[in-house]
Amino acid sequence: MRDSNPFIHFEAISKVFGTVTVVDSLDFHVAQGEFVSLLGPSGSGKTTLLMMLAGFETPTGGSIHVDGRRVEHLPPHKREMGVVFQNYALFPHMTIAENVGFPLKMRGVARAEREARVKRALELVRLGHLADRKPSQLSGGQQQRIALSRALVYEPKVVLMDEPLSALDKQLREHMQLEIRALHRELGLTVIFVTHDQGEALTMSDRVAVLNRGKIEQFDTPSGLYDRPRTRFVAEFIGETNLLAGRVSQRQGEAATIVLASGARVTCDSAAAFETGHDVMISVRPEMLHLVQDAAAANALPVTIEDHVYHGDHIRLHLACGESRLVARAGRRDAAPPIGSKAFASFAQGDCSLVAP
Amino acid sequence: MSARLKALLLILPLVIFLGLFFLWPLWMMVSTAVQGGTVRLAFPQTAIAIASWDGSGPPPAPLQAALVRDLRADTPQERFGDAVRTLNSQQAGFRTLLPRTARAVRESGETEAIDLQAVDPRWSDQGYWLALKRSMPAYTDANLLAAVDLKRNDEARIEPVEPDFAVNRAIMLRTFTIATQVTLLCAAIGLPFAMLAASVTGWKRNALLIAVLLPLWTSLLVRTAAWLILLQDNGLINQMLRAIGLIDSPLALIYNRTGVLIAMTHVLLPLMVLPIYASLIAIPRNLMPAAAALGAAPLQAFRHVLLPLAMPGLLSGSLLVFMVALGYYITPALTGGAGDQMISSVIAFYATGTANWGMAGALGLFLLVPTTVLYIVYNRLSRTPLVPA
Amino acid sequence: MSVAAVRPGGAAFNALRLAFGALAVAFLLLPLVAILPLAFTDSVFLVYPISGPSMRWFGALAESQAWTRAIVNSLIIGTGATVVATVIGTLAALGLRRELVPFSGLLRSIFLLPMVVPAVVLGVGMQILYARMGLASSYLGVIIAHAVLCVPFVLVNVSGSLASMDPALERAAASLGASPVDVFRNVTLPLAMPGILTGAVFAFATSLDEVVITLFVAGPNQTTLARQMFSSLRENISPAIAAAAFIIMILTFLLLLAVKGAALVQALRRKRGIEGS
Chain G
17 MRDSNPFIHF EAISKVFGTV TVVDSLDFHV AQGEFVSLLG PSGSGKTTLL MMLAGFETPT
77 GGSIHVDGRR VEHLPPHKRE MGVVFQNYAL FPHMTIAENV GFPLKMRGVA RAEREARVKR
137 ALELVRLGHL ADRKPSQLSG GQQQRIALSR ALVYEPKVVL MDEPLSALDK QLREHMQLEI
197 RALHRELGLT VIFVTHDQGE ALTMSDRVAV LNRGKIEQFD TPSGLYDRPR TRFVAEFIGE
257 TNLLAGRVSQ RQGEAATIVL ASGARVTCDS AAAFETGHDV MISVRPEMLH LVQDAAAANA
317 LPVTIEDHVY HGDHIRLHLA CGESRLVARA GRRDAAPPIG SKAFASFAQG DCSLVAP
Chain E
115 MSARLKALLL ILPLVIFLGL FFLWPLWMMV STAVQGGTVR LAFPQTAIAI ASWDGSGPPP
175 APLQAALVRD LRADTPQERF GDAVRTLNSQ QAGFRTLLPR TARAVRESGE TEAIDLQAVD
235 PRWSDQGYWL ALKRSMPAYT DANLLAAVDL KRNDEARIEP VEPDFAVNRA IMLRTFTIAT
295 QVTLLCAAIG LPFAMLAASV TGWKRNALLI AVLLPLWTSL LVRTAAWLIL LQDNGLINQM
355 LRAIGLIDSP LALIYNRTGV LIAMTHVLLP LMVLPIYASL IAIPRNLMPA AAALGAAPLQ
415 AFRHVLLPLA MPGLLSGSLL VFMVALGYYI TPALTGGAGD QMISSVIAFY ATGTANWGMA
475 GALGLFLLVP TTVLYIVYNR LSRTPLVPA
Chain L
2 MSVAAVRPGG AAFNALRLAF GALAVAFLLL PLVAILPLAF TDSVFLVYPI SGPSMRWFGA
62 LAESQAWTRA IVNSLIIGTG ATVVATVIGT LAALGLRREL VPFSGLLRSI FLLPMVVPAV
122 VLGVGMQILY ARMGLASSYL GVIIAHAVLC VPFVLVNVSG SLASMDPALE RAAASLGASP
182 VDVFRNVTLP LAMPGILTGA VFAFATSLDE VVITLFVAGP NQTTLARQMF SSLRENISPA
242 IAAAAFIIMI LTFLLLLAVK GAALVQALRR KRGIEGS
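Chains as they are written, first to last, in our numbering: chain G, 17 to 373; chain E, 115 to 503; chain L, 2 to 278.
Just chain G, same shape as in the assembly (with noise of 0.2 Å):
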């Protein structure tokens, strides 16, 4: 956190449908300037979130804080919040210049200024020659320009983004990415970003909070997300992982002893969070797992080869350790073992997470 005060604070924030709780008593809070992710699957709660803050729902209980001021009864129009919508959301019936204009007409901005203004938003997205054309006349990247320079124009205190570049393909999906975090650092926006895609969420983030059932699982730096999963949920959400359930013997400071199902023997680091005798899973990251011969290297498992299929920039290496199947990754120039093969699966002791089972 940048801020110790922090510049939007939801406190026991929680919504209820009928019956069905969608955020459950979440507690969060974002520092001015930073780029945070909504991160979950579909109905773990992220967009009516984002709805919440942005003031379409209404918190069913707890508070929302945007800038020292308490919000969740502020109607959208006071909110003074840039969203920009999965489709857009762009008005049919207006022109482009119209669109972006829309927000400083509402705020009566007079009609000189206003065109200015548009003018340097529509410059920001390198769109200052389509004002005069209607949204339909634009492609989908296009579009999605218009709609972020439309939430920047009168200069929000927060900018909302509701997956919004979901309806692009993925080259001009990766190219949007870049585009809004060189704004993002540009402007020094506040970004809250919803997203059901992982990988969006790690490269654009500062910090990405993984939702899951209205709850936060973790809230964390992308790389702290990847390499340190606290959760099980986040372990298999987040990437790909390879899960062996165990039970720890013995604990030797930060470090621990697990004893695996097949009674294999593996260490650990960061196991601060069990006790002896607790049930844990081992979470080992595809690419930290390595094929060795030699059964004396550090937590050595024996492994069945049991296919390999090639993905141009690595091999993935498909092995039996006992009833449980891994995944491993193999560098394009490893010569691949012959299927049938044994050999041992080998992983760094720091390389590894535990996680409740």
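No lab work stands behind these hints, which were simulated from the structure alone. None of the values given here were measured: they were computed from a predicted structure. Be careful, since some hints might not be right.
Listed next, the in silico DSS-like pairs over lysine-lysine satisfying Cα-Cα at most 30 Å (straight line) [claimed, not checked]:
| no. | chain 1 | residue 1 | chain 2 | residue 2 |
| --- | --- | --- | --- | --- |
| 1 | G | K121 | G | K135 |
| 2 | L | K261 | G | K94 |
| 3 | G | K94 | E | K120 |
| 4 | E | K120 | G | K121 |
| 5 | G | K94 | G | K231 |
| 6 | G | K94 | G | K121 |
| 7 | G | K231 | G | K173 |
| 8 | L | K261 | E | K318 |
| 9 | E | K247 | E | K265 |
| 10 | G | K173 | G | K121 |
| 11 | G | K173 | G | K150 |
| 12 | G | K94 | G | K173 |
Footprint (simulated), chain G over chain L, 3 or more residues, beta carbon under 8 Å [stated by the list, open to error]:
| no. | region |
| --- | --- |
| 13 | 42-50 |
| 14 | 161-171 |
| 15 | 177-183 |
Every residue gets a Cβ at the ideal spot worked out from N, C-alpha and C, and that includes glycine.
Chain G is already provided as a structure; the job is to place chains E and L on it using the hints.
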């Protein structure tokens, strides 16, 4: 203000408007149909006054004054006559008593008080007043029975009316027959037409659809007038048939059932085509090729794939056409003969011709109920909207 | 021709399809086409062939007080009924939009009933009601009666255009600082306008064509064009009827064309824009 309250306020004007000028008139029609009979109609003020007289003792002065006011009112002759006949069947003597009293009342001055007993001593006989009270029940089934050619005899038992007056059932049967015939004709033309429109693409499909939509957007009256012109003895159809030598003397195509069926089929055909077309167009394009690939011959594919999928549309269309055809008035009135008039024209006759609203209402009920039931069924079954926008 | 030859895809089948299509289109369109030229006949009979072109029957309409009166009445009553139906129909469509009101579906079905209830039945009821309310044989009475029949068309069309509107647009406007009134004026209303206009045109066309209810509630002073045509068709058929039909058709088509044409042009422009970008 809550969103729900705002929505309610927006709907309110229409609710009030339709409540006042749509549901209320329908309710009044129904209640008029069952309100106590002909006597009540001819003596409305007496009807109100007599309700508060318990039948014992001499009739109070306000009741007598009410009767005088009713006799002075400008009641249509036939309504007065109906009332006298009904009363006379209750108590012989009314046939002479009422006309005599009416004459005396009219001959007297506008404000003059009338002593009924002085006009005719029979008015002091309580039996006449009791008969009057008996003939003015608040509710009666007389109109409803008459609408299906039934009546109550003097013992209040239900029996058929004399064959000479029994016309309503025949007209109802005719109405259902014509509506059925029109529905079948529309289905016979509409189903292949919709299939044709769904099977072609581009300008051909547009042309076929425009051919359906243009008549729909054209005035009903204009279309009926056009058929009148086309079907008359020296109209285009007869001229053409004569020109190609099919006939020597003109065919009678108008002012008979043929004319009614042709014109009504034309008017209602779009209502059949559009729902069928909508259900056909929703069928995935590759379904017929799939059926063929699975070994179905074209006719088999048609019978087992296309036809079942077109059924909902056919059903909606048929319901719609039948429902609308039941209430038709203008087209049969203009293109049919005396023997082709439907129930609507009888209702119109009672309402505008003789101001017999009780009878009009009773017959109207026999039209309103089936139509409403069909509409409910239609709403249940159909996903196509009532009006193609 | 054997039965086997008439199979889908076969030449005989295609010929049959073509013949059926042509006949059906002729059946649908012939009446509309046949009546128009007769408006310009110089004969006193409504028959073909037309011996010579003439405007005499339009002249006859213009000279006849009954017809000119009827045309003026139709315009007055049509306009009145359209305004009433469009205003309350549009409000109701807005209110029904999000189904916030209990029994929205049922209400919608009831609102469409005037389209279904036989005109004669409603006519009887209105005649009884108007006799009591003193609305019989008045312009206001006829306008109200027509508006009842017109409302469903407005409701259906406006609801259609509201349903096709992306609800995010109104949220977007609010998030950009528009108050509820501004959202309605700047977003909802302009986007609903095509539906409102189409509904209004259908409403006007419905009023223009209405005969039955008019027979029941209008007095001689409120005789409309349709009512006048109806009695002429019953009493003395003359080419004046074709001239009146011509006026009705042209009026309806011009209005429809204006609304549908505008929508079509917009759609075409949109399509071209997308292809161009």
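Do the hints match the structure? See the list:
For the hint linking G/K121 to G/K135, the alpha-carbon distance of about 14 Å falls within 30 Å, and the restraint holds. Distance hint between L/K261 and G/K94 is unfulfilled; the C-alpha atoms sit about 39 Å from each other, more than 30 Å. With a C-alpha separation of about 20 Å, the suggested pair G/K94 and E/K120 falls inside the 30 Å cut-off, and the hint holds. Straight-line distance between C-alpha atoms of E/K120 and G/K121 comes to about 26 Å, which keeps the hinted pair within the 30 Å bound.
For the hint linking G/K94 to G/K231, the alpha-carbon distance of about 28 Å falls within 30 Å, and the restraint holds. At most 30 Å may separate the alpha-carbon atoms for a hinted pair to count; G/K94 and G/K121 meet this at roughly 15 Å. For the proposed pair G/K231 and G/K173, the alpha carbon gap of about 26 Å is at most 30 Å, so the pair holds. The suggested pairing of L/K261 with E/K318 holds, with an alpha-carbon distance near 20 Å, which does not exceed 30 Å.
Taking the CA atoms of E/K247 and E/K265, the gap is about 20 Å. The hint holds against a cut of 30 Å. Proposed proximity of G/K173 and G/K121 is supported: the alpha carbons are some 18 Å apart, at most 30 Å. Simply put, G/K173 and G/K150 have alpha-carbon atoms about 28 Å apart, close enough for the 30 Å limit, and the pair holds. At roughly 12 Å between alpha-carbon atoms, G/K94 and G/K173 fall within 30 Å of each other, so this suggested pair holds.
Counting residues of the region 42-50 of chain L whose CB lies closer than 8 Å to any CB of chain G gives 0, so the stated coverage by that chain is violated, three being the minimum. Coverage of the region 161-171 of chain L by chain G holds [criterion: at least 3 residues with CB-CB distance below 8 Å; count 3]. Look at the region 177-183 of chain L against chain G: 6 of its residues bring a Cβ nearer than 8 Å to a Cβ of that chain, three or more, so the hint holds.
Checked against the numbered hints above, the structure breaks hints 2 and 13 and satisfies the rest.
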